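So the sequence lines, in the order shown, correspond to chains Z and R.
So for the first sequence, numbering that gives the first Met the number 0 puts the first residue at 0; every next one is plus one.
So for the second sequence, numbering that gives the first Met the number 0 puts the first residue at 0; every next one is plus one.
Treat the hints loosely; a few may be bogus.
[To be verified] Now the stretches of chain Z that chain R is said to cover, found in silico as 3 or more residues with beta-carbon under 8 Å:
id	stretch
1	24 to 32
2	49 to 59
3	62 to 73
[As the list claims (entries may be wrong)] Here are the simulated lysine to aspartate or glutamate pairs, EDC-like style, with alpha carbons at most 16 Å apart:
id	chain 1	residue 1	chain 2	residue 2
4	R	Lys32	Z	Glu52
5	R	Lys26	Z	Glu84
6	R	Lys32	Z	Glu69
7	Z	Lys27	R	Asp176
[Unchecked claim] Sample of chain R residues lacking proximity to chain Z, with all beta carbon distances greater than 10 Å (derived):
id	residue
8	Leu16
9	Arg78
10	Ala86
It should be emphasised that the hints constitute simulated quantities derived from the structure, not laboratory data.
Values in this document were obtained by computation on a predicted structure and should not be read as measured data.
C-beta: ideal position from N, C-alpha, C; glycine also.
So you can see what is in the structure, the chains are spelled out below.
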Amino acid sequence: MSSRRSRQSSSSGSSRISDDQIIELISKLRQFLPEIRDNRRSNKVSASKVLQETCSYIRNLHREVDDLSERLSQLLSTIDADSPEAAIIRSLIQQ
Amino acid sequence: MTASRREIITSSSSPPLRTRFALRFLKNLMKIKKSTPLGHSSSLPSSSSLEIRRRTQLIKLAAYSSMARAVGSRRVWSRALILKLSAGKRIGHRSSISLSARSSLRCLGMKRKRSKTVTKRFAAKKRQLEGPCPGVVELQRLVPGGESMDLCGLLEETAHFVQCLETQVRVMRSIADQLP
Chain Z
0 MSSRRSRQSS SSGSSRISDD QIIELISKLR QFLPEIRDNR RSNKVSASKV LQETCSYIRN
60 LHREVDDLSE RLSQLLSTID ADSPEAAIIR SLIQQ
Chain R
0 MTASRREIIT SSSSPPLRTR FALRFLKNLM KIKKSTPLGH SSSLPSSSSL EIRRRTQLIK
60 LAAYSSMARA VGSRRVWSRA LILKLSAGKR IGHRSSISLS ARSSLRCLGM KRKRSKTVTK
120 RFAAKKRQLE GPCPGVVELQ RLVPGGESMD LCGLLEETAH FVQCLETQVR VMRSIADQLP
């Protein structure tokens, strides 16, 4: 950890030593992003674009979690706690 | 023989992440279901919508904490998230669960809708001051524990974090589809 140069020490652009590391990590990150994955050719996407897309993707995922939580909350209010399905789920959990 | 047996033992004692997460999350869901009693039929519909909203917050917290615990302390972001969520829980008791929930969720970088323009302006200003990669600040805010990481570590953590978030969404969606 101490061998890695911190961001503050290299004020002009990315640090020279870990440039390849950063490129490799960013390309690894790019594979998770659904938009970039299929469309672009691998060399043409800039690092800042990848970071932006990552941020917006994370925010989208948070929003999906919100929606799903709300949906689950609605569903929880309708299911019966003593139904056979609940018993099945409970037995699966206790395993 | 011993090597294969060891393999079998380790593979059976550490199920995949989505299974660990799903089990924890379902346990928490059942707990939430039991502890938040439904309103009686005579109660007003507005109170039940408040109940639903409160339960939504609880479910959301349960989802993130289940995921963080399923990952364990192997990752910086999961450790940071566990700490922040448990600190939030300590602040609020049952009566003020919404306050503690909001403070816990704020640490995930989630902003309310009305402050979107304010955060955009602030982010733009920060972008002018920020050196190497302006998006890094934003990413640091979104990934728990990101402020203390350098760029390389942050990118690694982000990749794992995104993977886990996707798993979380997938499991939640399949649970929501399966429930009658």
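Here is how each hint holds up against the structure:
Only when three residues or more bring their CB closer than 8 Å to a CB of chain R does the claim for the stretch 24 to 32 of chain Z stand; here the count is 5, and the claim holds. Judged by the Cβ-Cβ criterion of 8 Å, the stretch 49 to 59 of chain Z is covered by chain R as claimed, because 7 of its residues qualify and three suffice. Judged by the Cβ-Cβ criterion of 8 Å, the stretch 62 to 73 of chain Z is covered by chain R as claimed, because 10 of its residues qualify and three suffice. With a CA separation close to 36 Å, the supplied pair Lys32/R and Glu52/Z exceeds the 16 Å bound.
Taking the CA atoms of Lys26/R and Glu84/Z, the gap is near 14 Å; set against the 16 Å cutoff, the hint holds. Pair hint Lys32/R plus Glu69/Z holds up; C-alpha atoms about 14 Å apart against a cutoff of 16 Å. Between the alpha carbons of Lys27/Z and Asp176/R the distance comes to roughly 31 Å, so the proposed pair goes past 16 Å and is violated. The Cβ of Leu16/R lies farther than 10 Å from every Cβ of chain Z, with a closest approach of about 15 Å, so its non-interface assignment holds.
With a minimum CB-CB distance of about 15 Å to chain Z, Arg78/R clears the 10 Å threshold, and the non-interface call stands. Every CB of chain Z lies more than 10 Å from the CB of Ala86/R, the least distance being 20 Å, so the non-interface label holds.
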